[in-house]
Structure formats: structure tokens, C-alpha cells
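Chains as they are written, first to last, in this note's numbering: chain C, 1 to 290; chain P, 1 to 427.
In silico DSSO-like links for lysine-lysine, alpha-carbon gap of 27 Å or less:
1. C:K121 / P:K240
2. P:K348 / P:K385
3. P:K145 / C:K121
4. P:K207 / P:K72
5. C:K50 / P:K138
6. C:K121 / P:K164
7. C:K121 / P:K72
8. P:K72 / P:K203
9. P:K203 / P:K138
10. P:K203 / P:K164
11. P:K207 / P:K138
12. P:K289 / P:K406
13. P:K145 / P:K207
14. P:K72 / P:K145
15. C:K121 / P:K138
16. C:K50 / C:K103
17. C:K50 / P:K164
18. P:K207 / C:K121
19. C:K121 / P:K203
Bear in mind the hints are in silico, worked out from the structure with no lab data behind them.
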Amino acid sequence: MSANQQSKAQPEVTYLRPTHGLAALNLRDLWVYHELVYFLTWRDILVRYKQTVLGAAWAVIQPVVQVLVFTFIFSNAAGLSSEGVPYPIFNFSALLPWGLFSKAMNDAGRSLVTNRNMITKIYFPRLTIPVSSVLAGLVDFGIAFFVYVLLILYYTLSPGSTYSFKFTPALFALPLVIFLALIATLGVSLWLSAMNVIYRDVGHILPFLTQVWFFVTPIVYSASVVSQKWQIAYALNPLTGVVEGFRWCLLGIHSLPWQLLVISSLVAVILLVSGLVYFRNMERSFSDEI
Amino acid sequence: MNDIAIRVESLGKLYRLGTAPERYKTLRDTIVNGVNTSIRNLRRGFAVSAASPENSTIWALREVSFEVTQGKVMGIVGRNGAGKSTLLKILSRVTEPTEGVAEIHGRVGSLLEVGTGFHPELTGRENIYLNGAILGMKRIEIDRKFDEIVDFSEVEQFIDTPVKRYSSGMYLRLAFAVAAHLEPEILVVDEVLAVGDAEFQRKCLGKMSDVAQTGRTVLFVSHNMSAVLRLTEETIVLDKGHLVYRAPTQQAVDYYMASGFSAAGERIWSSTEVPTDAAPFYPMALRLKNNQGRVADTLHSTEPFSIEIEYRLERPITGLRVGIYLLTMRGEYVFTSFDLDNPDQFEKTGVRQAGHYVSRCVVPANTLNEGHYILAVNASSFRIKRYFWDDHCLAFSVDATGAPGKHWPEPRLGAVRPALEWVIERI
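Extracted from the complex, chain C is given alone in its bound form (with noise of 0.2 Å):
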């Protein structure tokens, strides 16, 4: 009650006025409503599989049939090399952070259009939706994982297989590579959402965006068939080093690709910090423009 007559006596004051340049990020703001991003995401992961037969077995089935077709495309037809790991768990371990990006560069990218009535009628810091559509892929990405470990599992309990998981100390970097595909997919996020705002055209490259990114990242192949000289430049798609990164982490067969991982980290950095100007800049205009 005390508490209750201070706010009384001493409420907040805000000034509302035109802000010029750049706007200060102010992500003091999306602290004070990080329930509000919290709520977002949950009700984004109620909301997808509601009305659904298979409900959030949706998440298990897509990537199984996923690793299903491609290995049989691209291992038993194109015979590419898989780096002498059985192919599904080759090809899984990088498909689990592709989902996580796709998905929420998918969701994230329309979220702002699609949740135009909130935005046209009342205030909350903006940046909650386009993050929380990421963090709702991070539950499709934990089901995704229990598969790759029952995955590997099989192959390694099943008579007569002939691998067997390595245990490797680069497994606990895991939460930082985790950690990295984040902000890769935030940064993508947060450009692609506000220029939807605007320029709706976005809805129409996302698909065909999505198809490409997929063909230039190691998903299907090694990175090592890439040529050494063409490494430096091939990084610059923060997702070849996150890619790397979990193969490093997750099948221990080669050295950490720190070249590959500082390169990436780099350009994720940089797209994170310039997609929250951008979108920071952008968002004054958006209950106007949407």
C-alpha cells in the first residue's frame, strides 16, 4: 500500500518528443517489459501447434524427414563426403542451428506485419516481437536436439555400427556456439523486420532468400570443400561458422576452426549491432508506415 501511494505521489515522467539522428538504443526499455517478450514467446509456441492433429510432433517429424531426404540425395545419390561420420548425424548436427536460423528468420521477419494491430494501437518497445519470435524457435531447436541425441544413440548402441560418439572437451563450448547462432539469426531478424515494414517485398524474398542461404552454407557438404583461398570470404556467412561451430562441438573430427569462428562471430557482431540501429532508427516511423 505504501509502495502504492509513492508511485502515486512520484510517478514516472517520460517525455515524449521528436528524436533526431541516431536514437540511443535504449534497451533499458525492453528489460522493463522483458515479461512482455517472455509472454510473446510462449504464446508464439502455444499458438503454432494449436488446431494441429501431430501437434508439437511437428517439431520431431520435419527434421527427421529433413535428414531422411537429404541423406539419401546427397549421400547415397551425389555421394558427397561426409568427413567420416555417417551422413544423417553429419548432416543433422548442422541442420540443427540451420532451423533454429530459418525458422526465426522466417517468423521473425513478418512478425512485425503480422502483429500490425498491436503496433498501430499501443506502445511497447517494438524490438519484443522480432525477439521473441526468435526465442520461440529455441523450443522447435531443444525437441530438435533430443532427436540428434537419440540419433546418435542409435548409431552408436546398434549392433555392427561402426561409430561410436567422440566425447571431446569442445562439447562444453556448445552454450557459446548456441549462443553465436543467436545472434547471427537476431541480427538477420531484426534488418529483415523492419525493412518488411516498409518495403514489403521482404515477404516475397524470404522464401527464395531462405533456399539460397541454405545451398551457400556447409549443410549437405563439408566446408572443406571449399578452397582455402575462397575460406576467408565463404565466413563471411556468419552461418558457415556457426555451422562449423557445431560440428566442431557436437562430432569432434576436426580442430576447432577458429578462422572460420572469429570471421563469423564478426560479421554476426556486426549485423546484430547495425540491425538494432537500423531497427531502432526505423521503429519511430512504423505505427505510421505499417
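For this one, chain C is given, so just place chain P on it according to the hints.
Structure of chain P alone, referenced to chain C:
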């Protein structure tokens, strides 16, 4: 109690025409519009386009300054397009002012957008939490008020049912219940009275006076002058984006009614108000005339009245029809009528040549019941193009003095009040 709740100084908001809400552009448009425009559009994030030509922009609000002290209930009145919504949007932080500053002491809650962020697939319970969070409530705050919200909404049996299965009344009650329990220091109410049933409106008004009595500040925007008079102490009048009058409510309402801002039976479009895609159709005026041929905003139910649409055609239009929709204040359609409803006449007309026209019709006596109505205008070629559409051109009242059944002093249900010939037979 003399603390300031809201202080607004030289507030202004500039809109670029064509980028108003409901429009968006594609990259192609930007490229086609030429290098200059595209550079301006791309740079939009980095510079306010103050240099853009005057004719492509409009000040929705300009040089507005006022203060509201804590615990005051302030009315805001003005015609459509006077800047009321823009002002509320700025104060509730939805949009940023182009110039000036607004100082807000405390949290702003709004009853103008109840149910924003409700997701149809989620249950009532889930939506309470989600909507609460969107409105800025903390989780513990929602936990604490949950039962109260459910009680207020009267939907306890359906609280675990997805809201898409709710009736529109239940949906609205639940949405309002959440918004009403936000307990902001400043409450913004915009035309809630236009939606929902009578019971719901009563509840809204009750909640508003509760809020006012606990010493919080209320901004009340409405076209309903009697509600403004009943609920507010002081009122500001906006016209074309400017604050033109501020006074105790009675005085302000008198000023507003007298100065013809209430459209007084007439709506005139200035050239800047007509959207560019209406071409070649240019609406000029919509007028209501009573039986004596005078423009009036209050008509008698027992007398015929006429509706006139004056417009200009820059080029000939094939199959053009110009007409009106008549709606109740709650937005229910009463009737629709076009100037070429007569099929023979429509066949004969074909192309309407360029020129200056008036389309006029007479609404016969004993058509409308007493109450408030809205006229909307539509000019279109059927299945080809809708040139112009304004769904809220003019508001007017009908007085039923002398109408059938008026000797019983009870309100009659329904929007129409025909004089029917009754025969009583004894069998």
C-alpha cells in the same frame, strides 16, 4: 492535487500523404518514383523530411499546447480529422511527434483499443495474461487481479475456452475487463461508447467515473456531447490540427456546436482532404436539408428531408454511381442507396461526362426513429473501381416529436419508425 499529469507544448505531427496508415510501398515503387524519392525514402530512418514539398504533407496536429492537472477529467472534441486520434496516439506513445514535447506523469492506459493483442486461438485465461503484459502489467500484478478481471468480465465458465468461440459481447467484456484493471495514472478513452451494448456502455462509463474519483486523470474523446457534458469538467476543441478553444465543458460544447465544427448538416471537402486515388472523382460537399430546404443537423422524423452530394468529375467515368450509406451511431447499416438505383435510368446514363454535379435524393417522412445517425459516401463503378469512400462523413440527429406512438414517453427500439396503417378487427 495541483500536480501536472500531462503537459503538452507546441506539439505537432506531420504526415506524408500517401504514407498514411493503410498504405505501404514496394521497392519497385520506390525505384520507379525516381532516384530523388528513393533516396529520401531510404534515408527516412536517418532524417525527418522537413524539406519535402508542402503539398505532399499534412499537419495532423500543429502548435498544440495544454496542461492537465492530476485527477482531472478532460474532454476532447472535434470533427473527424481534427487531430483527436493523432493527439491520443502521441500521448499513448504509439507514434512520435514531429515537433514539440509532451510530458507524461505516470503510466498511460487506453480504453480505445480494448482487446489489442488478443489471440483468437488462446483461451480467455491465456489472453488475460498476454493482453495484460502488452498493456504493461507485471505478471504478479495480473496474478493478483486475475479473479477480479474474470468477475468483471462475467465469462468465468468459458475462461478456458479459446476466445474465437466467444460471442462478440463476451470477447469485448473480457478485453475491457483487462484494460479496466490496468489502473494507469492517466486513462485515455476514445469513443468506447460507440461499441458494445447499452449494458456494456453503462459499465464503461461507470469504470471511468471510478477512475476519476480515485484521483487519476482521464482524457475523454467523444462525438457524444451529452456524454462529454456528463463526464468532464473541462474540454478542449480541436479543429484542423489546432487547439482552438479550451473552457469548462458547458462553454466548450456550446462553442463547438455553434461554430459549425460539428459539421452542422454539412461536410465540405477541401482539396487536400481528398485522397489522390479518388481521381477523377472529386467530392465537394455532402449536405442534409430539412423540409424547408435549409441545411440542418437535426431533422424531424415526421418530415421528409433531402441528402445532396456535390462533386466534380475531371474526366468522364463509365458506369459511375454515387450514393450514401446511412448508419446508426453503433455502426449498423440502416440503408444504402445509389443515384442510379433505377435500372432504366442506369441503362440510359452510361458514361457520366466531366463536369460539376449534384446528386440529390429525398428521404420520405416517417423513415427514421429518433437518435443519432451517420452518413457515409461511396462513389464507384460496380466491379470496376471504388473511386471514393468516406465512412463517416456527417453525423446528424433525428427528433421524433409528433411521430407515431410518441404519446407514450418510452424509447422505441429500432432505427426505423414507419407510420403504419393499423386496422383493429373484432372477430
